[in-house]
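Number of protein chains: 2
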Amino acid sequence: MIVKERVDRILSCLESGKGTMEGQSAEQLLICDPYAIFYLTGKLITPGERFLGLLLQKGRTPILYVNELFRFDKDLGVVKKYYSDTDDVTKLVSPDLDPALPLAVDKTMAARFLLPLMEAGAASFFLNGSLAVDLTRSVKDEQEKAALRKASLVNDAAMDEFKKLIREGVTELEVADQMLAIYKKLGASGYSFDPIVAFGDNAADPHHSPDNTVLKEGDAVLFDVGCVVDNYCSDMTRTFYYKKYPSKEVERVYDLVRRANEEAEAMIKPGVPICSVDRKARDIISEGGYGPDFTHRLGHFIGLQDHEFGDVSTTNFRLEEEGIAHSVEPGIYHPGIAGVRIEDLIIVTKDGCEVLNHYPKDIEVIG
Amino acid sequence: MIVKERVDRILSCLESGKGTMEGQSAEQLLICDPYAIFYLTGKLITPGERFLGLLLQKGRTPILYVNELFRFDKDLGVVKKYYSDTDDVTKLVSPDLDPALPLAVDKTMAARFLLPLMEAGAASFFLNGSLAVDLTRSVKDEQEKAALRKASLVNDAAMDEFKKLIREGVTELEVADQMLAIYKKLGASGYSFDPIVAFGDNAADPHHSPDNTVLKEGDAVLFDVGCVVDNYCSDMTRTFYYKKYPSKEVERVYDLVRRANEEAEAMIKPGVPICSVDRKARDIISEGGYGPDFTHRLGHFIGLQDHEFGDVSTTNFRLEEEGIAHSVEPGIYHPGIAGVRIEDLIIVTKDGCEVLNHYPKDIEVIG
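Chains A and B, in that order, are what the protein sequence lines are.
First residue of the first sequence: 2, per my numbering; consecutive thereafter.
First residue of the second sequence: 2, per my numbering; consecutive thereafter.
Here are the simulated distance ranges between beta carbons:
no., chain 1, residue 1, chain 2, residue 2, range
1, B, P96, A, E323, 39 to 47 Å
2, B, R319, A, E355, 53 to 61 Å
3, B, T315, A, R72, 14 to 22 Å
4, B, E6, A, H297, 38 to 46 Å
5, B, E143, A, D231, 46 to 54 Å
6, B, R61, A, Q25, 35 to 43 Å
7, B, K186, A, R51, 30 to 38 Å
8, B, K244, A, D9, 58 to 66 Å
Simulated from the structure, these hints should not be mistaken for laboratory data.
Note that the coordinates shown come from a computational prediction; the quantities given were computed from them, not determined experimentally.
Backbone N, C-alpha and C fix where the C-beta goes; we use that ideal spot for every residue, glycine too.
The shape of chain A in the complex, shown without the other chains (with noise of 0.2 Å):
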């Protein structure tokens, strides 16, 4: 069922100008994105190359064009208006346009949709307007809220499982094999991406797929997993060490983690520019001498999908803002040394920011 109040934080975000990448104020908004869509009606359709689009008009009834493949009976509170695979997509939707107002768009609407749309004329100009969805949809109200908890209490027990997964000879995929099954186990549908499961050097590439590397003894093991529940993500990474206690080398680059990670955690509240959480973590790390090896941002804004708009890094001018949901995860990769990630979830509170995750952080020791 349309959400109207998103609807209408849509609506008076693009008003304001804020919410197109041109600055400019615009009334009417053609949403493509199979996501923005399930969070305006609750109804999630993925038309693959099909055109899908929700139009979005001040004082107007919302408008569904969906192709008659994706047919359904439930009603949405909107204006279903259906084609087939022999319309003509720019015949469908330009007679519900006013060709004297700018258009905003989706900014992944497609070029083949996009091009006979402009055409026709079917707007006096076209604007990208997925910032007053994007803008809208980073912050979460309290339904929201609600799911991404839940989903990072099903990750930290899922956590407690995959531990115990780890034995003599176990390769990484055999661990990432296994995880779904759990997840599932716990009441989640499913992954929010793929599970990545990282042994001994393997743990110093931040984007290591799992292979059939061995565990051995002394290795880090790196679990960084998320699922989805209730439609929204969770995503944590912890580091554990196999069987030994690890050298006071690593210990030290652990200890940097830890502390870059709880320190950007502790000083998150409204106001606070999102930049600043980055620099915050970074500059930790740099003092302990490891900053080359810090090699991507310190996060990502998360909600219905692992990945949504916005960035924890250090060119987000943006501010804190209460509802933003956000991941928070320094790491050092240094092969031949340590990789070490950890991450947790918060969400932006009144006067700071709620922890999702509650596994522990020190150093554990496994098998």
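On the provided structure of chain A, position chain B as indicated by the hints.
Just chain B now, kept in the frame of chain A:
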């Protein structure tokens, strides 16, 4: 390494005017689709939401625009231009374009990249030029044919293994969950699409996803399955019967589908309108009284992706051409009576077609 012969075919198709949706000629084409770029360079880069582009221009070396996150050493015979997340894509690409000429763009090019390029006046006007790529990709060269054959041979062998998973009390999901390992053992790199396993009345739903349905005596067992070998896809459907030979009516349905499949295949040769192949299969099923129960097109083109541009339907007036590869997959779906689909892949030859699947099509009772 850039395949010059494929680039030349695309540019000449573009110049002829056949390669744009607008029917207009162009000399510069900006390709964004990762698989189209793989087809031309042998390098698969999946940039997610980031910009990826391959610029083809008459008489010039192709230029590949890649985010530095996907930096690679290999020489592909193209000019590589890296950009970072803080760079402006419009400023990156514009200097390479001739602003006095039209620019053909990929049908999938996202509005967030296309709109600023238009705003900057980077070309005289913009066209949808994907047809040039799609038409070229639809006619396979010898290397592609060899890979398609190999993928279908693996699929034939896999079908034999899948049958052995069928036993009393097994569920569709339990069977489907074991398929990937079998494909990998046979040399495939993965699925070409999620397998369909349908028992009993579920076979009468052409888009059924494997669920917890338990197999029982007398059930139809439909497998619609495919894998990827050497980057090319296979896709085959067979319908079996568990423990009991089907009733007279089901046997009649099966024979209609089989005849539709075999007679359609028998008529394929260069010069035959693709729509008439669909028509042949549809007529056979209609004359048998099941016309309304054949609810989809007869087939789809296939290659690097399971579904490529081009369908075998009543509205495709293109002629069959040597090197085209597509599926032939008639079906009858009548809940309560029967669900049967029989699918092969074919490649059009000089004077007929080569059927890539060799798995028998006789009614087979298993278990």
